[in-house]
Each structure stands twice: as structure tokens, then as C-alpha cells.
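J.: Residue numbers (our numbering), protein chains in the order written: chain D, 1 to 254; chain E, 1001 to 1254; chain Y, 2001 to 2254; chain G, 3001 to 3254; chain B, 4001 to 4254.
No lab work stands behind these hints, which were simulated from the structure alone. For clarity, every value in this text was computed on a predicted model and none was experimentally measured. By construction, the Cβ of each residue, glycine as well, lies at the ideal position given by its N, Cα and C atoms. Don't take every hint at face value.
Stated by the list, open to error - Taking lysine to aspartate or glutamate pairs in the EDC-like style, the calculated list, with each CA pair at most 20 Å apart, reads:
1) E:K1187 to E:E1233
2) B:K4154 to D:E233
3) Y:K2182 to E:E1226
4) E:K1187 to D:E9
5) D:K154 to B:D4164
6) D:K187 to B:D4008
7) Y:K2154 to E:D1200
8) D:K136 to D:E226
9) B:K4182 to G:D3080
10) G:K3182 to Y:E2003
11) G:K3154 to B:E4233
12) E:K1154 to D:E226
13) E:K1154 to D:D164
14) B:K4187 to G:D3080
15) G:K3187 to Y:D2080
16) D:K154 to B:D4008
17) D:K154 to E:E1030
18) Y:K2154 to E:D1008
19) B:K4154 to D:E9
20) Y:K2187 to E:D1008
Said to hold, decoys possible - Chain B regions said to be covered by chain G (calculated; three or more residues, Cβ under 8 Å):
21) 4004 to 4013
22) 4021 to 4031
23) 4064 to 4071
24) 4085 to 4097
25) 4184 to 4191
26) 4207 to 4213
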Amino acid sequence: MPEAPPTDEGWFVLHDFRTVDWDAWRDAPEHERERAIAEGTEHLRRHEEVADSDEGASAVFSVLGHKADLLVVHFRPTLDDLSRAERAFERTALAGFTTQPTSYVSVTEISGYSTPEYFDDPDSVDQGLQNYMEGKLQPEIPDDEYVSFYPMSKRRGEEHNWYDIDFEERAEMMETHAETGKEYAGKIKQVIASSVGFDDYEWGVTLFSDDPTHIKDIVYDMRFDEVSSKYGEFGQFYVGRRFPPADLGAYLEG
Amino acid sequence: MPEAPPTDEGWFVLHDFRTVDWDAWRDAPEHERERAIAEGTEHLRRHEEVADSDEGASAVFSVLGHKADLLVVHFRPTLDDLSRAERAFERTALAGFTTQPTSYVSVTEISGYSTPEYFDDPDSVDQGLQNYMEGKLQPEIPDDEYVSFYPMSKRRGEEHNWYDIDFEERAEMMETHAETGKEYAGKIKQVIASSVGFDDYEWGVTLFSDDPTHIKDIVYDMRFDEVSSKYGEFGQFYVGRRFPPADLGAYLEG
Amino acid sequence: MPEAPPTDEGWFVLHDFRTVDWDAWRDAPEHERERAIAEGTEHLRRHEEVADSDEGASAVFSVLGHKADLLVVHFRPTLDDLSRAERAFERTALAGFTTQPTSYVSVTEISGYSTPEYFDDPDSVDQGLQNYMEGKLQPEIPDDEYVSFYPMSKRRGEEHNWYDIDFEERAEMMETHAETGKEYAGKIKQVIASSVGFDDYEWGVTLFSDDPTHIKDIVYDMRFDEVSSKYGEFGQFYVGRRFPPADLGAYLEG
Amino acid sequence: MPEAPPTDEGWFVLHDFRTVDWDAWRDAPEHERERAIAEGTEHLRRHEEVADSDEGASAVFSVLGHKADLLVVHFRPTLDDLSRAERAFERTALAGFTTQPTSYVSVTEISGYSTPEYFDDPDSVDQGLQNYMEGKLQPEIPDDEYVSFYPMSKRRGEEHNWYDIDFEERAEMMETHAETGKEYAGKIKQVIASSVGFDDYEWGVTLFSDDPTHIKDIVYDMRFDEVSSKYGEFGQFYVGRRFPPADLGAYLEG
Amino acid sequence: MPEAPPTDEGWFVLHDFRTVDWDAWRDAPEHERERAIAEGTEHLRRHEEVADSDEGASAVFSVLGHKADLLVVHFRPTLDDLSRAERAFERTALAGFTTQPTSYVSVTEISGYSTPEYFDDPDSVDQGLQNYMEGKLQPEIPDDEYVSFYPMSKRRGEEHNWYDIDFEERAEMMETHAETGKEYAGKIKQVIASSVGFDDYEWGVTLFSDDPTHIKDIVYDMRFDEVSSKYGEFGQFYVGRRFPPADLGAYLEG
């Protein structure tokens, strides 16, 4: 039987998408809009400062198109932290102007396809690799950059079935895939989080870049990698841009 | 023709998901929220105590993300018990603050792939196995643990068709699958219930663990089992955590 | 070219699913609820008595889970009868507390796979068979039993295509399927109705039993029949229980 | 490369489905219902009389089940005519009691699979065939008959791909299909309209008959034609019955 | 491994679909409708004049059927421009009479299948080709013409997988496809924009013509091209017609 790769997990992740009820916003008296902005900004600022937990990271993004208007991403040590953050938003006056059209629950994950020795003993690898792995499990969110989020699974087709091929063959495909990724070093930051058992696809992918065409380019290039072309199943894609909590009012007012 | 395995059935199961109308909750006067909490808590407590029937088990869970906020699970001897429990919830003031985005109807089931002798005569097997089977049919719900629920069917693909392969081959795959499960003994409790003829997939799977990464790990490991990789079709996944009815107010107030 | 089987048709069928707006129900003054119960009961009673047409049959069922709360089934000689029954419900005060989440339109049908002589000349077969056929076309609805409804089509896959195989081979598979059915004689009553040209699947199947595990068992057993395993495509499943119109109030009040 | 058949186009078609808000209807004061009936009737009458354009045809149908209550079909020389008809409905008081759950946009089309000479020069064929073709492009809508509407596409499967087979082979299959159709001459009238580039499937099919079992029979028989069994992909099916605009009030009042 | 083609990108694109709430429109007092028309017209006129950015193009279209009533298309140099345009609409009184049922985010793209030399050095090709490429990246929107929009992806089937075939073979198919397109020179204008990483399909296609049957014809003809027949996966299709902002009132008033 094909073997599962060893994995390690870090922070749990909530992608919390929100749609603004622009009709309600337009019709609300100014003091209600001001209160919504004040409470929303405060909620976002506190979570970006991780005032609710020992560690983690949070950020808010504007989102293009009808699928959502805002995306709030939380990385936290426990699912309970995420549940509290989700409900805390609902207690703000801002929440009264939003609905939650979708969301995604996952946990940051690294897999031992390329560096099995790390998974046997993390201290057996050099500090640089340890830091790299740590950065994957407890990622920072870049400032003022574009974001793309999409969930994905590995195909279990009748002919092409990721879960039915040998570890070595999978490792080789993952290696080639990583090569494509390296061409985007410095242009793209990527967070991979497993949603197996938690949400409808197997992983959530979050890409950051200061140029959205880099995002288009890396996803397109990677689609030609065997691991994607034959084995990738993609869900919906969302694109947006990070803004500081202090700009929430500017975003909402246009 | 391939033969169906012998089966035995126990309690019927309702997974009743609820979404909280947080806008209504935020805007409601305190006495209405207090009444909703009081009636909701009382309803949940009575059902956890199985005051409505001779036997069974019930529990309430918080759920992460947009798909639901609460999951109430009822195990009861009859479908009528489940219908009454579902409608009883609707008579509480809490129901006025919720909608029911989804649900799942099933009956706990054991299959005779590995122990056919039990299905010929339950008394022919030792007491330990009898107790094990009983525990599958009339399961207890663990306290204060994380839960994952998902429905699944066996694939009837043009090439890989579970229902078109021999009993023995299926039994062997189920055996291998059970081996994977045994590696999680003490970490994961699992309830399997058939929804054939009752709901949209063939089975509902409910996993419990005190560590959500165990849930991720077992589902991921099992995906490499032939029975899943080639023959599993999965629906939506829900993740949450059990809380005692007395904590309903704390959950709703944030 | 493969040949279509001869068919005969009987009554047209409407499966009319209704979801109760429990919030509106909870909040309505008693006299409004009483009027809704009175008008709803009267509507159901008149249709069970077939006061609206020369012949037919009607029944109401409670339904478990979020997909519906009530299922009203009408068998009538014409589509116009069904249209009138559907609109007559909308004129009751009960309708104001319900929405119609789904429905199914079909016509009872028998196919000449096993008894072609009947379709050449119904009088050529013995009275017992004639009565059997008649019962399929103008079915009675059993009292106080559980019901399962699901729509289905025959697969037209690239490899396994029901409509591309010979009449004889199809007839043989239907015969084997009927054998499985006979093992449930006395336990399960089944109504088959064609929705080809009328609704989204090709047939609607309605099963009745006094024990819901018989429903689970027959659908599971039949799934191993080649006709289902290779050629069946199933839609959503609904499960519920018949109740007399006089119990409508008891159902709604909990 | 396989060749596209020559085609000719006639009137553009809008299938405009409407769901009645029966709760609003039940609760509306009589004068509002009367006004809605009057304006709705007048709108339908004017469009049946084609008072809005030089030529065309329109009709209204009751529809069974939850998918819609009314279907208004317009045939007109331009898409602009259809847009005006759609918006004109919205200006009636009747529209206030309806929503538009679905619709279909297409253009009547004939294809040169069987009579290529007509497409080279319409005058090269006899007057009977010219009239037949004209009737396909500018169809009449039969009085007081049942209607079935469904959209369809030709399959582009990995193995069976309509668009990848030779013109001659396709022409042969279309010919066989036409033979099946001829068996229903006098029983079924059929309108075929292309929605390629306009709507989600490739064609919309509208069938008329004074007996709905003829509709079931022709669609079932044709499903065994290779062109359907291997190459047909069908959308949702809708069934209803034409009524004269003057009966709108009777329809709405039950 | 198959190689991705070189690409170049131009303006970002937002297809912003809007559904008119005709009930609210019908019931609104005249001064509110007048204000909505005035603000909507001004918003559209300013964006058609590209008063909000250095360069770009915008247009408004009426859309047939239930999927939308209006389509506003914006081409702009940055995603931020699109986000501002989307939110600016929400600040108009017109927005209060609309919802946003769907949308599409993409970036105009040219691919180096046929002219790789351009992608090495744009100045290495003649001015005519440079202008052609420029026109693809910074397109003009034709006046008063019909529009068809649909998203599409290249198939990654188990047998036919676009991303698994050689660059040369893909280039050849694209060349044949372009030949089909050339037959519609002067009849059809086409804008191709990549949505890889931004939205749910891989490209958005926008076709313009003064005759909607040309749109039907080109999409049908191209469906027989191998690149579409074997490798095209299409989403929903929308059809409409451009109108000048000054005609917004006429459109809304019928």
C-alpha cells in the first residue's frame, strides 16, 4: 500500500470571508457607520496584535467581486482560538453590516516528501532548514500585498489517483513542483494548510505577492507540473489585497 | 453477483446543524437572549439526560466556519424519537435565533466483513466482542472533545466499482482499513451509521478526539487505504468541539 | 439499436415537499395557528378522500432533517388534477407557514421487460397478474408506515451505458433485480413512476415499510444488483412517516 | 477536423419562468389581486397578439412543482424584442407577486445534416420542405396543450465526443433520431433552438402534445437513440400546460 | 514536462453583473427612481470616460434572462482600480435597487503560442503585430453591439489533458483555432483575459458583434476545433447588448 508522508502541524487557520451589505451601509445613519468602523477597526487591530492569544498572526484583506468583500485570516495555536475570533467578530457593530458567505478551516502543515530526516528528528537538520520549516508552520503575513486563496485536493481518478501511487513517485513530483516554486522566490510567499477532516478540500493555499500577475504566473506555470496537471483538483479562487485595520473606514466609505 | 455483507443496526442518528443569526442575537433585548439561553440549555440538558426516551445519547458541539455554528447530535431507538427531538428544539426560544442549514439522518450499523459468525449468532462470539459490537450500535459520546463529521459513499465508477467486486476482496480491504484504524486506538473514537435509503450519501462518519490533529492524521492516513483511495466518495466536512449545555450562554455571548 | 421496452402508465404523481417556518409558527397567535391547522387538516382530509377527482390517492408524511418537514403525495388521473391540488394547498392558511423546497412530478409506469405478453394484450395474462399490474399503476398508500423517496436515472456512462445495451441483457438484469425485491415481499411496498420528460431524473421511487431498517436493507442489497451498481444514478433521499390528517395539529405543536 | 453543419436561424426565444409568491397573493387585498390579474392578462394578451413587434408568437403555461408556477414563452425577430418583453412584464402589478427562478435564451435553428441542398439554396428544394423549414424557424405555439421544456448539450466525453466525430457519422445518427421522431407525427410538436453562446446548454427543446404520456414516451424512446444515449447531456425538465391569458385569474385563484 | 507558453498581461478586468430588484423599482416614488437614474448614469459616464484612472475602458450592457439585468465591464491598469470602481457603484442610489449575483475577475493576456519572438522582444516584430498585441491587452469596447461572456478552462481529463501535452501540439491546435477565428474577422471582436489564480475558471472570454447569430456561429464552429471539442470546459454564458449610460433611464423604465 502507498505510504502517507510524515507530517508536522503548526497553527490552525481560519479564512473568514465577509460580504458587506452595502444597501444597509448606505442607508445607515453616520453615527452607526462610525461605530461599526470603530468596533471593526478595534477588533482587527487587537487580532493583528494577537492580543487574544499567546501567538499567531491575523490580517484583513479587501476581496474583489461578488464572492466576498472582506477576508479576515487568523493563524492561532488552537481551534478554540479560531472559534473565539470568529464569534468575537460577530459581537462588533461591523458584523451587523456583513454576512459570512464562506470560510475555510485548516492547519498549517509540512510534509516529509523531500526532507524525511527532519520528521525523524528536527534537530538533525541545520538551523536554516529548521527556521524554514518553522516559518511554514508559524507563518508571517506580509504587509500591503495581494492575496490569492484557493482550496485544493489531490485527484483520486479512475486512472490518475494520487493516493494510489508510490511514495517515491509522489516525492519526485513534489520535488519538481518545488523547483517551479523556487523560480518565484522573492516574488511569491505561500502558506499551505491541511484541511483533511476539517473542511471540504484537502488543503487551503494562500499566496501573497506585491504583483498580482506573479500570482497568475505561478499558478499557471504550476498547472503544467504533473502534480497539478494530472493530480490537482481546485476549488474556488479569491483575490484581494491586504490593508491595515486603520484603513477599514476608507475601504467602506469608498 | 457480489454479495451484500450481513449487517446489524442500533440507534437511529440525527446530526442537526444550526446557524446562529448573530445579527438578531446582537440586537435582541437582554431578557430575550436570557430566555433563549435558558430554554436552549434546558432542551439540551433534557436530551443529554435522555429524558425523552428509554435510551440513547445526545450532545451539542460548537462548529467552526460558515457552514454552521452548532451541531446537536441525537442517538435514539426510533426515527420518531429523532423527529420529536428535532421539533422540540423548534419550540424553544433559542430556535428563533437559528436556522437549520443542513442535517444528516442515519442508523448505527455494523457489517459482517470481518466477523461473520457474530451475524449468524451474536452469542457465538466472546463477551468482549459482543460488548464491542454493542458499543458500535449504542455509542457513548465522549466529553469535551473535538468532533469531525462527514458523509461518504462507496464509489461506483466505471472502472473502480465497490459494489461490483467480490465479498472476499472487499472484506480484505476493510480489514486493512481496520488496521489503520487500530493505530489510532485511544486517540480516536469513531461512529459509523448507514444512511442508505435515508439521506444523500451511504454513511455518516463521526470522529471524536481530544486533539484535532489526530482527526487530520487518521483521515489522511486512511485516504491511502485502497478502500478510500479507490472507493471513497466524501461529502462536506464539519469540525467542532463538544461543550456542556450549561456553557451555551458562554458560547453565545462570545 | 437497443429497443425501448413497452410501457403502460397509470396515475400521475406529485411529491409535494413543504418546509415549516417554525419561527413564524412559534410567533403566531393561537387563533392563527388553529386556523392553519383546521384548514390544513381539511385540505389533507379532502384529498385523502379524493373529493377533488374521480379516483386517486393522497397522503401526508412527516419528514426528518433540514430538507423538508412535510411531504404530501398525490396520485391522480391527470396532471391537471395535480396542478389543482398543488394550488389548493396554497389557498390554505397552513401554506402561509410553509415553503416548498422541492417536489417531484412523475407518472406510475410498468415496463415490459419480464411480461411482454401483457403489453401486447393485457387480457392475455391471468387475472392475478392483471391485478398486480393494476396495483402498480393505481397504487394504494399504506397506513402509518415509514416512507423513503428518491429519484433515479439509468447511467449513460462512457463504458457502462444502460441505453446502449440489448433488450435481453437489460431484461435479465431487471429480472435479477426483481428477485432481490421478492425477498422483501411483505416487508416493503414500492411505487415506481417515470419522470422522463417531466422532471430531472428518469424515475421516482417511493418505498413504504413499517420498519425503516427494511428500507435501508433493501436499498443496500439492491445496490449490489448489477442494474444498480453499474447503471443506477441516485438523487437525494428523503425519509419520513405517514400520519393521519387529524394528527397535523399534534405534529405542528410538537 | 470534423465539420460543423450549415445552419439557419429564425426567431429568438425567451423561456421566462415565474414563481408566484402565494403568501403575498393570499394576503393581498382583493383590489390588488384584481389589478395584478388585469395587468397580467393584458400583458399576456398583447404579447400573444404580438402587438409589440412585427412578427413572433407568445404563450403562457402553468408549470407543475416547485421549480416554477408560470412559463411565458416569447418568439421574436430580435433579442431586443425579448429584452423589452421581459422588462414589460416587470412593469405589471402581476410581477410584484412573482420572482424569476430561471429562464432560457436561444434562437430557433435548423441544421443541414439531412438536407444540405436547402442550406446552399433554399429555393432549390420543393415548397413543402421550404414550408417545413420555415415552420421550424418561425413556429406556431399549439393551443391548450401540455408543454415540456429542457435544455441539452452534446457530450464531449473522453471517449464519446460528438464534436470529434465525422459529419457523415453524425448525419446518420441524426437521421435515425429523426425516424424516431416521425413515429410521433401528429402526437408531438417540437421546437429546437440553439443557445450556443447565449445560455448554459447548447440547445433548448420545447415539446407540445395534447397527452403528456406522449411526451414521456418520445423522450424515453429517443433516449435509446445513439445520438441521445451516447451523446446527450440533459438539464432540468419542466412540465406544464398552456392556458389562454383570460384564464390567468382562474389559475391564480385556484 | 510540458512547457507553459510565455505570456504578457495588460489591463485587469472586472465583469460586474447586477440584478435589478424590479419590485422595489416599481414601488419606489418617482424622485427616488430619478435619483437612482441620475447617480447611476453619472457613475457609468464617469467610468466610460475613465475619469477615475489614467487609462482603461468601461461599458454597460443590458443582459437577458434571470442570471442578471445589467453587466458593467471595467478594464483598468490595476486590481485596485477595479476594487474602487466596484465600491463606487455601491455608493450610488442605483445600487440600492440592485444585487450582484455574479462577477468575474481577470487580466487581459496574450500567449506566445504563435509568435514566440514577440515575447522575447516586442520590438523584434513589425508595428502592425505590435499594435495588434497592444489591442488585445488594452482593448476598446465596441459601441452599441451585442456581447457574450463566458468563463472557460482547459480540460485536465484522465485521457485528454491539455496541460500534459507538448507545447508544439498545443501551438498547432491554437493555430487551427485562430484560423476559425479569422473567418469571423470584421464580424466578431474578442477579448481574452486570464483568471488563473483570480477566479474559478482559467479564462474569461468576451465576444462582441452587431449580430448575435455571429456569436452563436463562432462559438458553435469553434466547438468543433480540437482545442475546444477535446479540451474546452465552459462555464455559464451571458448575452446582452451595450447601451450608452444616457439610456439607463430608458432601460429601467421599460
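J.: So if I understand the rule, the pair passes when the alpha-carbon distance is 20 Å or less; does K3154 (chain G) with E4233 (chain B) pass?
T.: Roughly 13 Å between the alpha carbons, so the hint for K3154 (chain G) and E4233 (chain B) holds.
J.: For the pair we were handed, K154 (chain D) and E1030 (chain E), check the Cα-Cα distance against 20 Å.
T.: 48 Å, violated
J.: Residue count check for the stretch 4064 to 4071 of chain B against chain G: does it reach three with CB-CB under 8 Å?
T.: holds (count 4)
J.: Mind checking the alpha carbons of K2154 (chain Y) and D1008 (chain E) for me, to see if they're no more than 20 Å apart?
T.: Given that 20 Å is the threshold and the Cα spacing comes to 30 Å, the pair is violated.
J.: Examine the stretch 4207 to 4213 of chain B: at least three residues should have C-beta closer than 8 Å to a C-beta of chain G.
T.: n = 3 at 8 Å, threshold three: holds.
J.: Holds or violated: are the alpha carbons of K4154 (chain B) and E9 (chain D) at most 20 Å from each other?
T.: 34 Å, violated
J.: Quickly compare the C-alpha distance for K4187 (chain B) and D3080 (chain G) to 20 Å and report which way the hint goes.
T.: 19 Å, holds
J.: Just to be careful, I want the Cα atoms of K2187 (chain Y) and D1008 (chain E) compared with a cutoff of 20 Å; is the pair within it?
T.: Distance of about 17 Å is within 20 Å: holds.
J.: Are the Cα atoms of K4154 (chain B) and E233 (chain D) separated by 20 Å or less?
T.: With a Cα-Cα distance of about 13 Å, the restraint between K4154 (chain B) and E233 (chain D) holds, given a limit of 20 Å.
J.: Within a Cα-Cα threshold of 20 Å, do K136 (chain D) and E226 (chain D) meet the stated pairing?
T.: 23 Å, violated
J.: Is the Cα-Cα distance between K2154 (chain Y) and D1200 (chain E) 20 Å or less?
T.: 17 Å, holds
J.: For a C-alpha distance cap of 20 Å, please report whether K3187 (chain G) and D2080 (chain Y) respect it.
T.: Since the Cα atoms of K3187 (chain G) and D2080 (chain Y) sit roughly 19 Å apart, the hinted pair holds (cutoff 20 Å).
Hints 1, 3, 8, 9, 12, 16, 17, 18, 19, 21, 24 and 25 from the list above are not met by this structure, while the remaining hints are.
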